[in-house]
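Engineer: Listed below are the residues making up each chain.
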Amino acid sequence: MTTPQNLKYTKSHEWVRTEADGTVTVGITFHAQEQLGDVVFVQNPQPGRKVKQGEECAVIESVKAAADIYAPVTGEVIAANHDVADHPERVNQDPYAAWMFRIRPGDPTELAGLLDAAAYQQLAESEKH
Amino acid sequence: MLIFERSRPGRRSAAQSPAARAATGEIPQRHLRTRPPRLPEVSELDVVRHYTGLSQKNYSIDTHFYPLGSCTMKYNPRACNAAALLPQFTDRHPAAPDDTGQGFLACVHELQEMLREVTGMAQVSLAPMAGAQGEFAGVAMIRAYHDSRGDTQRREILVPDAAHGTNPASAVMCGYSVREIATDADGNVELAALRAAVGPRTAGLMLTNPSTLGVFEHSILEIERIVHEAGGLLYYDGANLNAILGMVKPGDMGFDVIHINLHKTFSTPHGGGGPGAGPVGVNAKLAPFLPLPLVAGPDGEYRLLAEADRPLSIGRLGAHLGNGGVLLRAYVYMRMLGADGMRRVAEFSTLNANYLMVELQRAGFEVAFPRRRASHEFILTLRRLKEETGVAAMDVAKRLLDKGFHAPTAYFPLLVPECLLIEPTETESKQTLDAFVIAMKEILREARENPALVKSAPHETPVRRLDDVKAARELNLAWSGR
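So the sequences go chain by chain: C and P.
Note that the working numbering gives residue 102 to position 102 of the first sequence, counting from 1, and the numbers run on in steps of one.
Note that the working numbering gives residue 235 to position 235 of the second sequence, counting from 1, and the numbers run on in steps of one.
Worth flagging that the hints you see were computed from the coordinates, not collected in a lab.
C-beta atoms are modelled at their ideal positions from N, C-alpha and C, and glycine is treated no differently.
Possibly wrong hints are sitting among the right ones.
Derived coverage of chain P by chain C (criterion: at least 3 residues anywhere in the stretch with Cβ under 8 Å from a Cβ of chain C; other residues may be distant) [claimed, not checked]:
#1 410-422
#2 468-480
What the simulated footprint calls covered on chain C by chain P, stretch by stretch (three residues with Cβ under 8 Å from a Cβ of chain P suffice, anywhere in the stretch; the number is not a length) [stated by the list, open to error]:
#3 55-65
#4 114-120
Taking CB as the label site, the calculated pair distances span [stated by the list, open to error]:
#5 C:Asp107 with P:Leu477: 44 to 52 Å
#6 C:Thr109 with P:Arg445: 38 to 46 Å
#7 C:Gln43 with P:Leu221: 23 to 31 Å
#8 P:Leu477 with C:Glu56: 23 to 31 Å
#9 P:Ala196 with C:Asp107: 20 to 28 Å
#10 P:Tyr355 with C:Gly48: 55 to 63 Å
#11 C:Ala20 with P:Leu221: 54 to 62 Å
#12 C:Asp68 with P:Leu477: 22 to 30 Å
#13 C:Asp107 with P:Arg343: 25 to 33 Å
#14 P:Pro370 with C:Asn6: 34 to 42 Å
#15 C:Gly48 with P:Lys57: 48 to 56 Å
#16 P:Ser55 with C:Glu34: 35 to 43 Å
One chain only, chain P, in its complex shape (with noise of 0.2 Å):
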């Protein structure tokens, strides 16, 4: 039921703040409305059921176990939002003068050098407002600086056939060509492909490390090499940082830039579209084209960079330095880690991921790089599942529903057929992980004695199976009215 049809004319909800009334005087006749708009008329308690109703038919990391791989769905601590929701960080204005925000600028510098200091990079901008963001960001500084060189010729981008479809979106956003360098039998690079790729029209390989097949890239050094003998630069997706945080920096592995995703790694929260956060980190070399604003200090005072100080940068994203409540949650989760906090991230995701694909793999299921050791996250294939019993990984994912598991990444990478990307992430305990080991073995029982019950599944759900086709073909998403 929306919202619209719980409305009956006259009803009303007291306000939650005194109404502030603008003058309207300035504004020209024709921008000012002449009919009310179409809200819903509702009762505060009308408005209160009608949302906590859809929070309660949802799933969250706050009410279920939700291994969604490539997407750390890691517990978002509460205290994260202590600082956040200060009202002196939530009242002040964007763009309010530096001088009054010594507070909420000496957290983001702060936040901006930790950034700096676990990833091994040269600068950081937090100016990217998501991840995809950063990608555009990051390119477009690799195009920036091979233009500053009159390197204009520069013109591809190489992608593994295994990354992220943003990797190449994004490379094309930027007028670049993609071209796809293949992947081994055990998740690798394919390094013969990137050598006949490699050229004189190489701008830069963008690359997952660990990778989205879940494993780590044995020959990053190599792969550095190749690229930077060839004139290439390196750009570092840091979907999987999760993986590596505080053991391994991709400054050290010879990233030339990198993007953060703040709503992974950093536990800020996912979800309801945002706000996100995608930082970009640089070397040296590619330091004058960070967007802005940079936030610089600590020498005096606070104050964020504009153009005039950083003439050759690619410019900025958006009106003001990110989302400043989300920059926030990320600095507190980082001081309440510590550099120790960080290790542990790294070592228990890891831990998790690898417990989870052994006890998977003993009760019966096909792990899709079964010579890897996981990362962060693993590759389960149902490809004979499906061959035997029709049961498709799909059909998996949904019976997981009915168990009260948010299901994992489906179809994705598309290298590996009917695979479930599985990323338990470290704030699960070991019960979890067992119970969801359980359900998985159900299920692959229910799939061989009773496979329609698991290809119509869920059962159990506010809603049953949803027609994806339908939902592609007919986009219908906006309330028309009655």
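One chain only, chain C, in its complex shape (with noise of 0.2 Å):
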């Protein structure tokens, strides 16, 4: 499953899932990884850090590029996965377990505008053709 159906995505190839206590976890798509190549380097935000939708908030590296990871909601950074910035090719074995942090949204509406499964899924067609 390259694009899962319960997952909200950005243009910018972020994933973001919702949790049961309302905050989201972020990590980047199959899409993203297979463009960027084999990952050799996470950045990930500090928690604690406040980040306004669209704001650059981590940095992935690859063999091929450097990519900004861009906040997908509005909001409070309240957790980094230490484990992909130690593990950095996890983010390519499995980029929907390797999340890179969560966010407590300052605006829930936020959420609406993102793209759903099928949007995403065009847009990334789209890219490689």
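Assemble the dimeric complex from its two separately framed chains, guided by the hints.
Structural biologist: Here you go:
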């Protein structure tokens, strides 16, 4: 499954999962890791940082390129995944398990504006061709 | 094998020049070495064989076609070394007084003026010692200009998404935030996106023209108007100056500031990590902020201008005037070419790129911007080949090494999937270009018939496929001794 139905997506290739407590977990999509190639470095935001929707808040580096990861929603970073920073290859192995950070959203209405799986799949396809 | 591994106790090499013994009496005891340095103990012949052997394993412009896009790997004529190797230049101390270096200063002053002429700018400084340092100096001047007018809310630099990564990096180093501007389907800056982005926060736009996509910006004059009307300045990244040398001047396109890579356009040696040269040119508005030293002359005598002459300068980027030997090589190159020769550089680099593009297209490769004429470089996209065969751009690049060619730039610009950026330069013959096309055709056939062969290339180089993931994750570059 390269685009799970239960997740939301951004145009900048982050996936977003809403947790039971209302916080959101963020990672990069299968398509994104495929385009980047072997990931060699992940730099996550510090918990406690306030971010705005669309703001650069993490960096991911592969053998081909370095890319910014953008906050999909406005809010406060409440956790970062140290495991993925220590083992960047996990982003390639299982991008939907290798989450990068969690945000407590300041404005839950922003979530409704994100892409659903079908819309993201279409976007990813259009970039390939 | 490392040269340290050739070391045998007591083995010596004769000194190449008489040992100069410095008086150590005035150096504080704590700064004096107590143990000899850990140098390999090898004979002169060991040293010669070791480094000659390494050079034979390498690809270089002296040995191989080197179509590394965006890098302008042209031949460096041997004659350019003539002036730089004169003992009167090599033995001159860079801090020697100006009146004992009139010959050197006359050469670099002429270089400075020729660069001014060919770029159409008002003044040029030779101080920056690399392209990236030139970019830093250029953006620092943009900032100094706005600050000098009290226009301090301009804190944003616009950069097309096709730009070299050094552009946003230079902007951030100067304290700016970066805003990306999208590119349209034909590789031009998207004018609507640019119009939407400019405003009172715009410090400037950094633009490469022809762009990193290998095409000339159709609407450069409109771009110039949009940025200037918003109060921003226009920065010209000189990476691709080779394509327009002597044909169009960045100054005439309305650029306020430019950096020039002498090691690209003006044929000074690349590699070995330098030394480079990244002179900056500016229009009259920005002239007071140029980095020091500048070379003044020739009325009376040549001299280096300093802070007292240029109080508004952004300052110095190094202890002396750039890398003297590199400047002298570029000087001789420009003198040998003359104005006509510079035009021919642009004509033949463009002709070679377009010839190669059409031939590769005929051979079955997909060109990224088929509706555009190439500048001095062009982009192939191997996305279909990868889908059909699994063979990626990097695999083709590696297989080219087996065929005796250095690989083109791969995976840049990031906008184009599975891309190869190919820049043949003006110094290659039709025979070399044709041989490259044949090699590319062979690889295309191999990718379809035996993809595993291409995916595991190179097979005939001194080292096989390098583990670039391991190299990036486990940085270990220093010899630790045994």
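Engineer: Now tell me if each hint is right for this structure.
Structural biologist: So, going through the hints one by one against the coordinates:
{"no.": "1", "hint": "410-422", "result": "holds (count 3)"}
{"no.": "2", "hint": "468-480", "result": "holds (count 4)"}
{"no.": "3", "hint": "55-65", "result": "holds (count 4)"}
{"no.": "4", "hint": "114-120", "result": "violated (count 0)"}
{"no.": "5", "hint": "C:Asp107 with P:Leu477: 44 to 52 Å", "result": "holds (47 Å)"}
{"no.": "6", "hint": "C:Thr109 with P:Arg445: 38 to 46 Å", "result": "violated (56 Å)"}
{"no.": "7", "hint": "C:Gln43 with P:Leu221: 23 to 31 Å", "result": "violated (41 Å)"}
{"no.": "8", "hint": "P:Leu477 with C:Glu56: 23 to 31 Å", "result": "holds (29 Å)"}
{"no.": "9", "hint": "P:Ala196 with C:Asp107: 20 to 28 Å", "result": "holds (23 Å)"}
{"no.": "10", "hint": "P:Tyr355 with C:Gly48: 55 to 63 Å", "result": "holds (58 Å)"}
{"no.": "11", "hint": "C:Ala20 with P:Leu221: 54 to 62 Å", "result": "holds (57 Å)"}
{"no.": "12", "hint": "C:Asp68 with P:Leu477: 22 to 30 Å", "result": "holds (27 Å)"}
{"no.": "13", "hint": "C:Asp107 with P:Arg343: 25 to 33 Å", "result": "violated (59 Å)"}
{"no.": "14", "hint": "P:Pro370 with C:Asn6: 34 to 42 Å", "result": "holds (41 Å)"}
{"no.": "15", "hint": "C:Gly48 with P:Lys57: 48 to 56 Å", "result": "holds (51 Å)"}
{"no.": "16", "hint": "P:Ser55 with C:Glu34: 35 to 43 Å", "result": "holds (38 Å)"}
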